[in-house]
Every structure is written in structure tokens, then in C-alpha cells.
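Could you put the whole structure together from the sequences, leaning on the hints where they help?
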Amino acid sequence: MNWDWQVFCRNTIDGEVMPRCFGNGGEITYLDWLISAWGWTLSVALLSLIVALLFGSIMGILRTTPSRGLVLLGNAWTELFRNIPLLVQIFLWYHVVPSLIPPLREVPSFLLVVMGLGLFTSARISEQVRAGIMSLPRGQRMAGLAIGFTLPQTYRYVLLPMAFRIVIPPLTSESMNIIKNSAVAFAVSISELTMFALQAQEETARGIEIYLAVTGLYFISAFSINRIMHAVENRMQVPGMIGGSK
Amino acid sequence: MKKTLTLGLTIVTALALSQPVLADTLAKIKSSGAVTMGVRESSGGLSFVLGDSKFAGFHVELCDRVLSDIRKQLDLTRMETRYQPVTSQNRIPLMQNGTIDIECGSTTNNAARQKDVSFANTTYVEEVRIAVKANSGINSIADLKNRSVATTTGTTSVQHIRKHERSAGVDFKEVYGKDHADSFLLLESGRADAFVMDGQILAGNIAKSKNPADFKIVGEVLSVEPIAIMLRKDDPAFKKAVDDSLGAMMKSGEIAKIYDKYFIQPIPPANKPIGLPASEATKAAWASPNDKPMEDYTKK
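From first to last, the protein sequence lines stand for chains P and V.
If you count the first sequence from 1, position 69 lands on 69 in this note's numbering, and the numbers rise without skipping.
If you count the second sequence from 1, position 157 lands on 1157 in this note's numbering, and the numbers rise without skipping.
Worth double-checking, as some hints may not be accurate.
[Claimed, not checked] Cβ-Cβ distance ranges computed for the label pairs, FRET-style:
hint, chain 1, residue 1, chain 2, residue 2, range
1, V, K1283, P, P103, 46 to 54 Å
2, P, L104, V, E1041, 29 to 37 Å
3, P, V71, V, P1212, 47 to 55 Å
4, V, A1284, P, L100, 44 to 52 Å
5, V, A1287, P, P103, 52 to 60 Å
6, V, G1169, P, L92, 32 to 40 Å
[As the list claims (entries may be wrong)] In silico lysine to aspartate or glutamate, EDC-like type, Cα no more than 20 Å apart, as pairs:
hint, chain 1, residue 1, chain 2, residue 2
7, V, K1163, P, E202
8, V, K1115, P, D14
9, V, K1163, P, E27
10, V, K1030, V, D1075
11, V, K1173, P, D32
Keep in mind that the hints were calculated from the coordinates and are not lab data.
None of the values given here were measured: they were computed from a predicted structure.
Here a beta-carbon is modelled for each residue, glycine too, at the ideal position from N, C-alpha and C.
This is the structure in C-alpha cells:
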């Protein structure tokens, strides 16, 4: 096996090795492209994560309220988005929905994939948030209401602070998953890491080096999320609660 | 844990160091009475799967005939042909390690690949073209200014349009389909104004579309690529046997009939014709057999 790590210093037009490994004057090297692809992966993943946390939390909370209508809405949302394969959802957003609603055709595919991935993940987060709230003793909710809090206040000051602390570990997994799931964006023409790998290995015939580099970047990205969430978990610890007695 | 790691490293090293097998394919076929043909599952009319591990296509049929000539040459009464589906990623390693003996798919003969493998004489010349909607008013690459152009991820066409974009000073937006059908859907649904790809793939997709008259192939040829049957490197006896057999078909005109069968007549699975007559470049390759790499075509 001969390694050829210089492949990253080649420019993408004629394959010449560039002196400083970075292109100039509009020419780009595979290294430039790799870095931009990493940027796309992180952008898709982080924006989707925001969408997922927002909708997932709202839907998870709705599913624990006393109102039957809101519970139904939350359940329907969760089941809709978690029972359809992710790639199929992305294609629905990209090909099917715009043909039914023509104005959506103008929406950039980047936003479509952020919504698609975000809503898919929101179903999973909704399930985790619900599990967190349900794991609290019933007396907590009753006590909150008994001392005169309204229902929203009970959630805000009593239930959610405990529930979110409990579900930080599964949320960590979900946040790491979203980095890896962002690979589906290649299917709708986002120039992210997986697409870079597919395209660059064909152009350069150095598939092993390209895939190793891409694997490394995925690992670094997901592991960074893991460390950040770990720091959040430590910072949020409350003595006497789960994991807080260390 | 440490033991597993050492074992893993040993296996990786062993794989990495495994040498290409000795190249004497004729002797291998004679002693084993079998030959393994690398085929593609979906390479337009060149090589495609019929289901039930049966394969057909222009290159597959050429190879079947070549192998039958080789069987006669080796004086074997029986010779088994095994079909091994390959992809563009694994075809060269599988050829080098001896898993396949002859690859009959859609491999471009270029200088970089000639370092690793050898090619029979060119049997098909692919031209990269532009497909557009018939009513789009686009007639050449210059008309693509500020339009969006679709192509398929993991193909060399992406590189060609990038080069043309640079040299012609035409600025356009690239969109990528994950496979050819997806790229064609981008054109069909109006997300892209043009689809740049190998001529036979464009022709095949147009033929299969709901309304073929809505599309046309226009403009200059963006790139010319000789497609050839791939062989192991440094095996002159086998290459000569293959080239002789192909040469006889080129001389007798038999190759044109086989071409007609896959590119003009209806083919499975849709039973629709690709409808792409042999190009001048393809006919030239048949008239004077050669194994020149792609780089020699672009120099002209």
C-alpha cells in the first residue's frame, strides 16, 4: 500500500500539486474543498440540532400536558417523523413537497435539508423529553400546582429543570447522531463531507486517503459534541439529583 | 484489548502487503477451467444486470465471444464463466488481486489507470454531452451562463464541467444528483436547466422518460473518453488473445451488429431502445484498433 497524502494538495481543475497546499486566485485544492465540506457538514448539523431541540422540546412537553388535544398533536408529530426513513423524508422535502406547493421550489436545498433532518431528529428528542418528564414523581407536578403555580409555571420552575438534567445523556447521543446523519445532505446536492468523499475519490483515485480524512473529521466533530455536552452536564449538576452527588 | 489490537494491526498489515498475483491469466484459465468476468450492474447499454445474476450488454457480449475464442485457443472442452459484479471503486483492486480476470463494464482507459492495469483495444468511445429540455433555448455551453447544471456525484463529468466553466469563463451553478436517475429528475422537475453526462446515459434516460420528445441532447462534446475492456497489467499473452478476438469482430463488422443490438434495438428491463448510433469516434476506434488512453484523445 503506497500512501499519497499529497493528493490533498492537488488542485481540482488539472490535478497539479500546489506549492502551499492551498489554492489561490479562484483555484482550489482538495484540501480547500475538504475544509469547506466540513463547514457544510457542521452547518447542516448544528442548524438541524437547533431546529430539533426547539421542536423536540415543545412536542415532548405537549405530550405530557393534561390536554388531550395537545397530547394527540405531540404524539402525531412524533410518530409521523420517526416512522419514515430519514432519506425518504429528505426526498419528500426536496422532490415531492415542492411539486405540490410550487413556491417551495425557490427555497434553497440547504434549508430544506436542515428542516428535514431537524424535524426527523425532533421526533426522537420529543420522545426523550417526554421520558424525562414522565420519570419525575407525580407529586412534583401536583406540588407545583398546589402552591399556586399555573401549569406553564409548574413546567418552567419545577418539572423542566429536573427533566432536562435527566435527559442530557440521551440528548448527547442524539446530538452526535445528527452530525453523522447530516451525511444524507449529499443526496440533495449539499457539498458536505460525504459528497466530497464520493466525488474526490473518483477524481483522484486515492479513495483510501480521502475516506480516512473524512472519517477523521466526522470523528472529531462528533467527539467534540460529546465533550461539550459532557461539560454542560457537569456544569448543570445539582447535588442530590441523578449524577449530581459526585 | 491489546491482543485484539495487535491482531487487528497484523491483519491490516497483511492485507496492505498482499502482492498482486502473478499475471499469467491464460495459464490460470487453463489450469482451473474457469474464468471470472467483472461486470457492472447498471452501466447503460455497456453492461447491465438482467436479474437472477445474469448480465448482458455490449461489453458483456463482446467478452463472452472473446472468452469463447480463448477457450478454443486453449483447447479446453469446458470452461466455466463466472460473473462478478464490480463497482467503480473496487474494480481495479479486484483485478490486481486476481478476483476478476477480465472486466467488461464501462472503464475509461486513462494514463493514471494504466499504471495499475492494462486495457484491451478500445471498443467504445464515450462523449460527454449536455441534455436539456427541448423548449429551453439552450444550444451550447455558452447558453448555460447563470443557469443550474446537474451532474451525478462520483463521476468524472463533474471535473469536465468545472474545467469548461473555467476555460470558457461561463459561470453556472452546479447541482449534484446522487445517481443518474436522480440527476435526470433534477432536469425533469426544473431544478436544473441542463444535465451533463456520458452520451449513452443521457440517451438512455431520455428514452425511459415519460415524454422523450421533451428533451434533447445539444451542444459541443465536452470530453471524449475511450472505454475499454480492462485486463491485468503485464500479461501480454492474454492481452494479445483478447485483442485478436476483438480485432476479428471489428474487421468482420460483427461488432457493429452487437452494438446495434444494445444501443439501437430495445433492451431490458424497460424494453426501450437507448437510440444512440455509433459515434464517428467509436467507428474510428473500430477501423484502426488501438489502446490509446484518454489523454491522447484530448491532445488533438
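Hint check results:
Separated by about 50 Å at the C-beta atoms, V:K1283 and P:P103 satisfy the suggested range of 46 to 54 Å. A hinted range of 29 to 37 Å holds for the C-beta pair P:L104 and V:E1041, which are about 34 Å apart. Between P:V71 and V:P1212 the C-beta distance comes to about 52 Å, which sits within the given range of 47 to 55 Å. The hinted range of 44 to 52 Å is satisfied by V:A1284 and P:L100, whose Cβ atoms lie roughly 49 Å apart.
Taking 52 to 60 Å as the suggested C-beta distance range, the pair V:A1287 and P:P103 conforms, at roughly 55 Å. Between V:G1169 and P:L92 the C-beta distance comes to about 38 Å, which sits within the given range of 32 to 40 Å. Taking the CA atoms of V:K1163 and P:E202, the gap is near 16 Å; set against the 20 Å cutoff, the hint holds. Of the supplied pair hints, the one linking V:K1115 and P:D14 holds, its CA atoms being roughly 18 Å apart against a limit of 20 Å.
Between V:K1163 and P:E27, the direct Cα distance comes to roughly 11 Å. Compliance with the 20 Å bound is thereby established for this hinted pair. For a cut-off of 20 Å, the pair hint linking V:K1030 to V:D1075 stands: about 9 Å separates their Cα positions. The hinted pair formed by V:K1173 and P:D32 meets the criterion: a straight-line CA distance of about 19 Å does not exceed 20 Å.
Of the numbered hints stated above, none is contradicted by the structure.
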